[in-house]
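J.: Let the hints inform the model, and build the full structure from the sequences given.
Protein chains: 2
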Amino acid sequence: MTLVIYDISENRTRSRIATACRRFGLSRIQKSAFLGDISSARRRELVEVLKRLLRGEQGNIQVFVICRPDMALRTVIGEVLEEDEDDIIFV
Amino acid sequence: MTLVIYDISENRTRSRIATACRRFGLSRIQKSAFLGDISSARRRELVEVLKRLLRGEQGNIQVFVICRPDMALRTVIGEVLEEDEDDIIFV
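Which chain is which? The protein sequence lines are X and B, in order.
Counting with the working numbering, you get residues 1 to 91 for the letters of the first sequence.
Counting with the working numbering, you get residues 1 to 91 for the letters of the second sequence.
Some clues are possibly wrong.
To be verified - One-sided excerpt, in silico: chain X residues whose CB lies under 8 Å from chain B:
1) 7
2) 38
3) 58
4) 64
5) 70
Worth flagging that the hints you see were computed from the coordinates, not collected in a lab.
From the three backbone atoms N, C-alpha and C, an ideal C-beta is built for every residue, glycine too.
T.: Right under this line is the structure:
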C-alpha cells in the first residue's frame with residue numbers, strides 16, 4: 001500500500017495535492033493523509049507529480065510504502081472518516 | 001518503525017497526543033505525524049494511551065507499522081521539519 005501524508009499551509013497547493021492523490025487512486029483517510037493500493041511504477045509517477053506541485057512552496061510531503069503484513073497491524077482509533085468531494089466529516 | 005498520524009480538532013487533546021508520542025520515543029515528522037523505532041510491546045502500550053486520550057472526543061488517530069525494507073522506500077518531499085518544544089518550523 002501507498003500512504004501519503006502532508007503538511008502544506010497554502011490552500012490551493014494542498015487541494016491540488018489531494019486531487020492528485022485521488023487521481024492516482026488513493027483514498028483520503030484523514031484531512032492530510034491518503035492511502036491506496038497502487039503499483040510501484042504508479043507510486044513513482046505520483047511522487048514526481050507531488051514534487052512538481054510542491055516546488056517553491058513551503059511544506060512537507062511524505063510517501064510511505066506499507067506491505068500487506070504491516071497493514072494488518074494498522075490500528076485506527078476514533079471515528080472513521082467519510083468524505084464527500086469537498087468536505088471531510090468524521091462519523 | 002511506528003508511524004502515528006492524527007486528525008484532532010481539540011487543541012488540548014492534540015497536544016496531549018503529541019506529548020504521549022514523544023514520551024514513547026517517537027519524533028515529530030509533520031504537525032500531526034510522529035515516527036520512531038519502538039518495540040511492538042511499547043507500540044501496543046502507546047495505542048492504549050492514545051485510545052484513552054481520544055475517548056469521547058472527535059477525531060481520528062492511525063498507527064502504522066513500517067518494516068525496515070519499506071522505510072528504505074520512503075520519500076520525503078519539501079523541507080525537513082525542525083522542532084523545538086512548542087513550535088514547528090520547516091527549514
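J.: Hint by hint, note whether the structure agrees.
T.: Cross-check of the supplied hints:
no., hint, verdict
1, 7, "holds, 4 Å"
2, 38, "violated, 13 Å"
3, 58, "holds, 6 Å"
4, 64, "holds, 5 Å"
5, 70, "holds, 5 Å"
Consistency with the previously given hints fails for number 2 only.
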